[in-house]
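Given the coordinates of chain H, assemble chains S, A and F onto it according to the supplied hints.
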Amino acid sequence: MDYFAGVDIGSTMTKVVIVGDRIEASLVGPTGPEHRKLANRVMEEALRQARLTFEDLTYIVATGYGRINVPFADRQITEITCHAKGLHSLLPSVKTVVDIGGQDSKGIKIQNGKVMNFVMNDKCAAGTGRFLEIIADSLGVPLEKIGELSLTAERIAAVSSTCTVFAEQEIISRLAGGEPIANLMAGIHDAVATRVYSLVKKLNVEPDIAVTGGGAKNIGLVRALESKFGQKLLVPPEPLITGALGAALMGKDIFERYTSEGQKPTRSGHKLEEATFFK
Amino acid sequence: MAYVLGIDVGSGYSKAVVLEGDEIRSFAVIPSGGDYREAGRAVAEAALEKAKLTLSDMVRTVAAGYGCNMVDIAGETSTDLSCHAIGVHHLFPSVRTVIDIGAQYSRAIRLHDEGRIANFIMNEKCAGGSGKFLQVAAHILRINVSDIGELSLKAQKPVEFTTGCAVFAESEAVSRISEGASPADILAGIHNAMASKIVTLAVRVGLVPDYAVTGGGAMDIGLVKAIAAELGTNVIVPEIPQITAALGAALLAKERV
Amino acid sequence: MTELRDGNGLAAAEKLYTQYGSRARELKASGKKVIGYLTALGPVEIMTAAGVVPIRLKGNVSEAISKGDAYMESIVCPFVRNVFDAAVKGKYDFLDGMVLPHQCDSIDRTNETWSYTLKLPYWHFLNVPHVTDDPSITFMKEILRIFITTLEKFTGTKITDEAIANAVKAHNENRRLMRELYDLRKSNPPLISGVEMMKVLVAAMSLPVDESSALIKAVTEEVKERKPAGDAKGKRIMIIGDQIDDIAVIDAIESTGACLVMDDLSLGAKMYWQDVDATADPVQGIAERYLRKLKIPTTFVGSADTYEGILEERFGHMKKYVNEFKVDGAILFIYKYCDPYGFEVPAIKSYIEAAGVPVLYLEDEYSTSSLARVKTRIEAFLEMIA
Amino acid sequence: MAEEKKGRAVATATAAKIPKFVRGNLSATLKAKEEGKKVAAAFIADGQDEIMRAMDIVPAWGESFSGVCAAKRDAEKYLQKAESDNFSRSLCTYATCNIGFDMIREEQGGAMPEGAPWGGMGRPDMILGNGQLLCDPRFKWPQATQHYQRDVPVFVTNMYYPPWDPNVNHHDQEAIYVKYATEELRATVKFCEKITGKKMDWDRLAATVELSDKTWDLFIDTYELRKHIPTPMDTGDAMNTMVPLTFNLGTQEAYDFYVDLKAELEDKIANGVGVADPEKYRVIWAAGLPSWFALGDFQYFNSKGVVFPVEVTYRGCEKVERLDLPKTNDPLEHIAWRWVRYWTHWYDAAKKRPGSTPKVERIIEYIEDYKCDGAVFHSAFSCRSWHAGIMQQAVTLKNVYKDMPILIMEGDIVDISSYNEADTHNRIDAFIETLAAYKKRQG
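Protein chains in written order, with the working numbering: chain H, 1 to 279; chain S, 1 to 257; chain A, 1 to 386; chain F, 1 to 443.
Honestly, I wouldn't trust all of these hints.
Quick list of simulated restraints, FRET-style, between CB atoms [said to hold, decoys possible]:
id, chain 1, residue 1, chain 2, residue 2, range
1, H, 204, A, 210, 48 to 58 Å
2, A, 385, H, 23, 24 to 34 Å
3, F, 13, A, 134, 48 to 58 Å
4, H, 152, S, 49, 33 to 43 Å
Because the hints were derived from the structure by calculation, they are not lab data.
Note that the coordinates shown come from a computational prediction; the quantities given were computed from them, not determined experimentally.
Just so it is clear, CB atoms sit at the ideal spot from N, CA and C, and this is done for glycine as well.
Extracted from the complex, chain H is given alone in its bound form (with noise of 0.2 Å):
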C-alpha cells in the first residue's frame, strides 16, 4: 500500500492529511514563527494517527503558504492548485471555491479537479479572517464565537472604513455609541462577505459554491457570502483541511504517474526533520 502526504502550511494553520486508498490521518495544528518550523512535529502527530512512520510515506507534497519551510517534502505546489483538487475529490460538484484563510481570500473556478481561473485578495487585510481575528480580539470575543453572535443581530450596523485597524476603531466607537456588539458582527462579517464577494466576482461564477478555510468555520461568514452570492453555499466537513488534502492527492497523482511511464519519482532526501534554517 503507498501512502502519500500533504502538508499545508498556512499564515496561521498547519495542516497534514495522509492518504492511502482513503484518508488515513487529518490534523491541525497553530502555525506561528516557532511552530511553523516544526511541521515535523504535525507530521509525527499525524503519523501516529494513521499508525504509519515516515518510511510508510510514497510522496510528500508541501503547499500553502510556507510550503518553502518544509525540507522533508519532495514537492511543492501552491494552495490554490491543491485546494482545487482536494475539493474537487469531497464535493465534485463544486465548480467555484471561496478560500477565506488568515491573510488571504480567493476564488477558484475548477473543472474536474483543475484550476480553470483563480482571484486572490491583494495587500489588504480587509476581506481576509485576519480581519475578523483582529476585530473579535479587541471586542474580546472568541474568534469561533463571532459567527453564532453575528446571526443575533436585528440589523447590519453597516461599517465604513475597510482598513483593518481603522474599523476596529470604528467598532470600538460604535459600541460605545450604544450599538449592539451583535449588530456590528453582523456590520463586520457583511464587510468581509462583501470584500470577498467582489473579488470571487472577478471570476464568471458558477454552482455549485463551496466555501473553504478558516472563514468556512464562521456560520456568520458563511451566511454572509450566501446573501451576497444569492445561493446556499457548500461547506466541506472539514474545511481546513482541504489544501492538505489536495496536497496529498496531487502527490498520488504524481507518483501514478511516473510509475504509469516505468520511472521513479525524485524524493527530497530529507529525514523527518525541522527546516535547517531555523537552528
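Using the frame of chain H, we list chains S, A and F on its own:
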C-alpha cells in the same frame, strides 16, 4: 485647596489625572475596552481612590480623547491633541514638537511658545507608525508589548521592512523570521520602519526642537532610540508618557476654574 | 566604466544594474552635465545632441518609501513616489537637472513637488500632448523646440539640426542593436534569460547612447556563443506593464522554471521597437516617434471606425509579439494608482485572451513587500496553464 | 454613521433649486431620444460646453451622476461592478462608478439599472473626451466605457496651457497654446457635425459664448459678496451652487440662477444674516473635491462657528476683463484664449514671489480678499488630478503665513470606505483649537 480632574479616553487606554494646584495628586491608566462612558468613570474612580478623594471634591473636570464625548462625568471636553500640547508644555516648556504614539494613531504636534497647539498631523489611512505596529509584533512573537523595547536593543542587524501596513507587517515579519531573522532584529526593524514614518509626520509640521515623545509608544525604549536616531537629536520622554493628555485636560480644567 | 572585453558584457550589465547610475556619476566627475528624466517619453535624441548625459531614473523596489512621504501624497503612482523618495534621499545627487515629460497626472501634478524639493540647476517640464492629430504634431514640434532652447541656454551651446540628426542615427542604431538582442529570446529555450535581459535593459538606460550600444553589442556577442541548452519544458511568458525595472518579479517567474521571453514594458519593447524617421526637419521625426509611434496608454489612439479596429491600433503589436516569440502566457503587471494603465486592464486582458493566450493580471505597488504573494499567484498561474 | 444619509449643507434658498438642475440635466439625457437630440457623455471644464449647447447636444455628465450616487450613498454596487471586471479600486471613482453603472445597463440591453438614482443617466450617442491637463481619466474613461458600448464613437481633443516655470515667461508661449487649442476645438465641432448631421450655427455659438462670458462675470460678482463679514454663503452651499456654472454653462437658466443667488446674498448682507452665528473663524477651502457622501461636515464646521467664505474648488472662472483677452471674431479662438488665460491667471503673481506657485498665489489672493484665518485642503485618494501636489501647496503656503492653521483632510469623492465620521470630526475639533490659538496670538 482646589482639585481638578483630567480624563483622556483613548482608543487603547484611558487615563486620568487629579491635579492639586499645579501638582499631580494622583493618576490612573486602564484599558478602554469597548465602553468609553464606563472607561471614563472607571479611570476617574481609580485616580480619585488613589487620591482618597471623590468626584464631588473636583471643582472642574475636562475629558479629552477619542471617546471624550461619551464621558458623562466631565463638565466639558477638548481634543487630546490640544491636551497633549498643554500637558507637555507644563512638564517641559522648551518642547516645540510633540510626537505622540497612541494605540492606532501617531501624531506630530507643533507647539506655540506659550504651549498652545500650532499645527498637527496624524497618520491617515495607514496605521503604520502607530502603536498597532507594536501590538502586531508582540502578537507574532508571542511576547508582551512591554518587553519589546529591551529585546529590540539586542538586535544584530535590523530587518528592513518594506511594508508600511501594520497588518501586513505581520506576514512580512513571519517570512523574515522563517528566513532566520532573530526576534530582536525583527523588532529593531519594526522600530526603524515606525520611526521613519513618525518622523515623516514631524517633518510635515516643521521640525522644531525640543522634541518630546509621549503616548504608549514612548514607553518603548527601542522605539524612542530609533526616533531620536532618525531625528538626529535627543528626545525628551516624560516620566509617565501615557498621561500627558490627561494632565493637559486637568490643566485646562484648572484654567477654566 | 569597466572595459568591455569579449564575453564580459553581461558582467558589465550586472555591475551597472546593481550600482545604478555609477557611470553617470563618473561622467559627472569628469565634468559632464547629467540630466535625469522619467519615462519612455524622455526625448533622449535631443539630450544626446545637447552633449549632456541623459539617465532615466529608477527607484528601488526593496526600499520602503520614507523621506519622500513628507512632500508627496501616497495617492501618487508608487513608481513616481519611489523614484522621488530615492532623489530626496540623495541617490541622484549627481544630477544637474531633470526633464519631466507630461506622461500622466502623477508626473504632471507633482512637477512642482519635484522641482521645489530638489532645486536642481536645470528643470524642464515637457508638455507632451495626449492625442496624435496633425495639430498635436505641430504643437509637439513647438514644445520640443522650446525644450531645445532651454537646454541651449543651460549648456551655453547651440544644438544644431545636424547634431540632432546624428543623435537620431545613434539612437536608432542603439534600438536596432537591442532588437537584435531580443531576437535571441526567440529560440527555445531563449539564449538569454529574462533576469539577464532586465539587467541589460536597466543598464542600457543609464548610459550615454554610444556606451549603451557598445554594451548591448558585447552582451549579444557573448550570448550568441551559447548553445541552446537542454529540453525546454518551461512555459514562455510575456510581461506587460510600465516601468518594471527590477529583477524581483522576473526572478519570481523564472525561478519556477518558466522563462520570460518577451515584454511590453516602457523600458523594453515599448522603447526599442520604434525608430525616429530621418526627416528634413529632424524634430519632425522625433515628434512623430514619441507621439504617433510609441505605444503607451497615455497617448490616446482611436482613429479606426470600429472598436475592434481601435483595439488593433492600441494592442496589435502585442499580438505580433505573442506569435513571433511563441508566448504561452502573459502577465499584466500594473501599479496601483495608475489611471492610464488601470483603465485599460479589461481591454488588454480580453484582447490577449482572445488571441488564445491566458493572462494573469497583477496589481501591486512598486515594492517587494508583497513579493511572496505575487510569487504564489505566478506559480499558481503557471500550474494552471501547465 | 455610514447608513444614515447626510443632508446637504444648504443655507441659501437659491441653492435649494440645485437638485432641480441636476435632475433636469439627467432627465434631459433620458428625453433626448424622443426630442431627436444627440447625447454626448462629457466632462466638466473641458471647454466644449458652448459647442454642445450651440448644437443642441445634450451633455451626459458622468462626474455629476457619480456625485449623485455618492451623495445618496448608492455608489458601492456600481464600484463593485466595475471592480468585478478588474478595474482597480484605486482608480478615479467618478469613472469606475459610472463604468459600473454603464456595464449593468448594457448587460440589461439598455434597460436602466433598478433603483438608479434619480432615474439614472441616458446612453450616449457619442463620448467627448479631452486629453487636457485637467486629468487622465478624461481620455482613459471614454476608452474604458467604449469597451462596453462598442458602437458609441469616442472623440478626444486636447487643450493645454503653458506649464508653470518660474524661469519662463509664459506669455511668450501663449500663442502656440491658443492656436493648438483653437484647432482642437475646431476638430471637436467637425466631429459633432458628423454625429449630429447638422452644421454649426456660428452666430449661435458666438451668442452662446457671449452668454457664458456674462455668466462668468456674474458668478464672480455674486461670489465676491461672500467677502462680507459675516459671510452670507458657505462652501457647503458652493458645492451646490457651482452646478449651473459647471454643468449648464452657456444656458440662460444658468445665468438666471446667479441673478437670483446674487439678490439673495445682497439681501442676507443687508439684514446681517450670516452662515454661522456667531462667525468665529473664516477658513478657505484651499483645494480638493469634497466627499459627496459627507457634505454634512460643512454644517459641522458651521455649527462650531467656522465658515468657508471662499473655495478654490469649482470656482472655474474669473471676471473676463481681468483676463484681458485679445479681441477675436472667432468664438473658438475666444474660448481658447479664455482657457489659456484662466489657467495661467496667477502665473504673473507667482513670479513676483520667489518660491511661490500659481496655485498658492490664488489661495493667497483669496485669503487676503476674504480675510481668512486658516486653510482646509481635502485629499481624495482616488483622484490624482486635483489632489496630488496638495502637500506641496500647503508647505508653500506655510512659508507665507508662518503659523496659519492648515488642515489636510483625507477621504474620497465617491468611495465611502475611506471615510470615518468620528475620526473626521475629531480632526476638525483639533483644527478649530489650533485656529483659536492662532487668533489669540494674532490678538
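Going through the hints against the structure:
1. H:204 - A:210: 48 to 58 Å: 53 Å, holds
2. A:385 - H:23: 24 to 34 Å: The hinted range 24 to 34 Å holds for residue 385 (chain A) and residue 23 (chain H), with Cβ atoms some 30 Å apart.
3. F:13 - A:134: 48 to 58 Å: 51 Å, holds
4. H:152 - S:49: 33 to 43 Å: 37 Å, holds
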